[in-house]
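*Asks:* Once you know that position 383 of the sequence shown is 383 in our numbering, the rest is easy, because the numbers rise by one and skip nothing.
Simulated from the structure, these hints should not be mistaken for lab results.
All values derive from a computational prediction rather than experimental measurement.
Where hints are given, some of them may not hold.
Taking CB as the label site, the calculated pair distances span [to be verified]: (1) L237 x L489: 53 to 59 Å; (2) L240 x A479: 20 to 26 Å; (3) S300 x E254: 52 to 58 Å; (4) I352 x R10: 45 to 51 Å; (5) A106 x V472: 29 to 35 Å; (6) Y324 x H355: 21 to 27 Å; (7) V184 x A452: 50 to 56 Å.
Virtual Cβ for every residue (Gly too), placed ideally from N, Cα, C.
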Amino acid sequence: MSAANAHRTRQWLQLALICLSFVPVTIDATILYVAIPPVVTALGADAIEMLWIVDIYPFVTAGLVLLTGPLGDRFGHQRMLLVGLLVFAVASALAAYSWSPEMLIAARALKGAGGAMIVPSSLALIRILFDDPKQRAVGIGLWGALASAGSASGPVIGGLLLEHFWWGSLFLVNVPVALGLAAVLSRLIPNRILGLGHAISPLSPFLGLTGVLAVVYALKRAAHGDFLSLVPVMALLVGLAALILFVRRELSAEHPLLDLRLFAIGIFRTAVFAAILTSMTLIGFELFLTQYLQMVVGLSAFEAGLAFLPFPIAGVIFGPIGGYLNGRIGSMQTAAIGIAVAIIGYVAISMIDLHSVGWELFVILAVISGGHALTMSAATNAIMSSAPEERAGAAAGIESVSFEFGAGLGVAFFGSIMTAVYIRTFVAPSGMQIDPGHSLGEALRAAQSLPAAFAEQLVAAARSAYLDGFHVIQYAAIAILVAIGAIVLARMARPDR
Numbered sequence: 001m002s003a004a005n006a007h008r009t010r011q012w013l014q015l016a017l018i019c020l021s022f023v024p025v026t027i028d029a030t031i032l033y034v035a036i037p038p039v040v041t042a043l044g045a046d047a048i049e050m051l052w053i054v055d056i057y058p059f060v061t062a063g064l065v066l067l068t069g070p071l072g073d074r075f076g077h078q079r080m081l082l083v084g085l086l087v088f089a090v091a092s093a094l095a096a097y098s099w100s101p102e103m104l105i106a107a108r109a110l111k112g113a114g115g116a117m118i119v120p121s122s123l124a125l126i127r128i129l130f131d132d133p134k135q136r137a138v139g140i141g142l143w144g145a146l147a148s149a150g151s152a153s154g155p156v157i158g159g160l161l162l163e164h165f166w167w168g169s170l171f172l173v174n175v176p177v178a179l180g181l182a183a184v185l186s187r188l189i190p191n192r193i194l195g196l197g198h199a200i201s202p203l204s205p206f207l208g209l210t211g212v213l214a215v216v217y218a219l220k221r222a223a224h225g226d227f228l229s230l231v232p233v234m235a236l237l238v239g240l241a242a243l244i245l246f247v248r249r250e251l252s253a254e255h256p257l258l259d260l261r262l263f264a265i266g267i268f269r270t271a272v273f274a275a276i277l278t279s280m281t282l283i284g285f286e287l288f289l290t291q292y293l294q295m296v297v298g299l300s301a302f303e304a305g306l307a308f309l310p311f312p313i314a315g316v317i318f319g320p321i322g323g324y325l326n327g328r329i330g331s332m333q334t335a336a337i338g339i340a341v342a343i344i345g346y347v348a349i350s351m352i353d354l355h356s357v358g359w360e361l362f363v364i365l366a367v368i369s370g371g372h373a374l375t376m377s378a379a380t381n382a383i384m385s386s387a388p389e390e391r392a393g394a395a396a397g398i399e400s401v402s403f404e405f406g407a408g409l410g411v412a413f414f415g416s417i418m419t420a421v422y423i424r425t426f427v428a429p430s431g432m433q434i435d436p437g438h439s440l441g442e443a444l445r446a447a448q449s450l451p452a453a454f455a456e457q458l459v460a461a462a463r464s465a466y467l468d469g470f471h472v473i474q475y476a477a478i479a480i481l482v483a484i485g486a487i488v489l490a491r492m493a494r495p496d497r
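The whole structure should be built from the sequences, with the hints applied where relevant.
*Replies:* Below is the structure:
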């Protein structure tokens, strides 16, 4: 084998390992979806606590990548990646053996910190690994494909584990995987330091994370009809103030962590919006589809997980296709195709009866996943291709913020919609004096202590209210994708602005 061929082989091996290091982070974003019923039962979590258990992970990741991306530029992305894998492994063990909702939320937050080190470092290493733009597009396309497939396969893997083990196994499985990858990567990936010498302040990440969490908290309280009380109003004001200070600080900084001046570039700005909104739509919809299949249709965690098999399969197929199309027809054109495909899937799923899980659902979910994989690949390529190599970590941080913030926003936004519709449409059975809570899971738990006849009436009423909320979520998903599709088409009409 010639030296050139050996170099290319080593490059693709390194690419595979880098992408594999990122997969556990993406899987963990959705693996908990099928475990919501057993977690609610085991830990006694209410609706708000359950949303925070799911949501704290992507929001902490999104907030901290503002710091970890530039730190990787300064100290080496391989080193940052290894530390992230170790933190992720420790946090996974803590999450597996949590005994309260608060402990699980804290462990998930620590996992988010580990993910914040892994995500930008893995993407920056790909950016540094390939000098050729077309090879880089393929590499980023593979990264995006595995990101899409990983998050989509979370419910599948979760269902398989719950079929044989307890809910903590969903987290414990990460420990040997993360430690094994860290051992291999420490030997095969060199630690390249780009040498950025400017000081890095933690104030900006603190302001960004505080602002996002405070605003999301206010949003969730508003969904429960508690928006005008003192605590959520103060949370909203504090959150908005923190975000305003964050933006002003970043715009005036000589070396910003999140270079907001890049948003003056039209294609970059459109790609970030596409990343946020498509990730938000996919993750939010996937969460409540999983719950619908389990708590309304009555599928087991294993059966619900199998129903989601089209998501990772289509993601693996369409992600590399997206990478190929990015290099051939352009990122915006690829994104437009992906959005159109996803919209077709969401319209189709709103027209079928989900109680009959058959080949129709398999095809529709494959269409939805394929559309999102094309769009995410296009958005990632557009974001990363606009940055010079020495700012690879900062660019990866922006890309990571976009997808992770979109994932967290999807859970918060669609969760708030579901809670608001559920509360407003739930009609208690005649003569029943019981609080059904603010979610279908709480109602199902309450029904366990009732006589069979009353329990059946309560469950029927709660499922009817949940179905109303799920219909609104389907229409919201379609509306969001139509909006971002219009933005992408407008950008295609004026690419130089």
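*Asks:* Against each hint, give a clear statement of whether it holds in the structure.
*Replies:* Status of the hints after comparison with the structure:
no.	hint	in the structure
1	L237 x L489: 53 to 59 Å	37 Å, violated
2	L240 x A479: 20 to 26 Å	25 Å, holds
3	S300 x E254: 52 to 58 Å	56 Å, holds
4	I352 x R10: 45 to 51 Å	48 Å, holds
5	A106 x V472: 29 to 35 Å	32 Å, holds
6	Y324 x H355: 21 to 27 Å	38 Å, violated
7	V184 x A452: 50 to 56 Å	55 Å, holds
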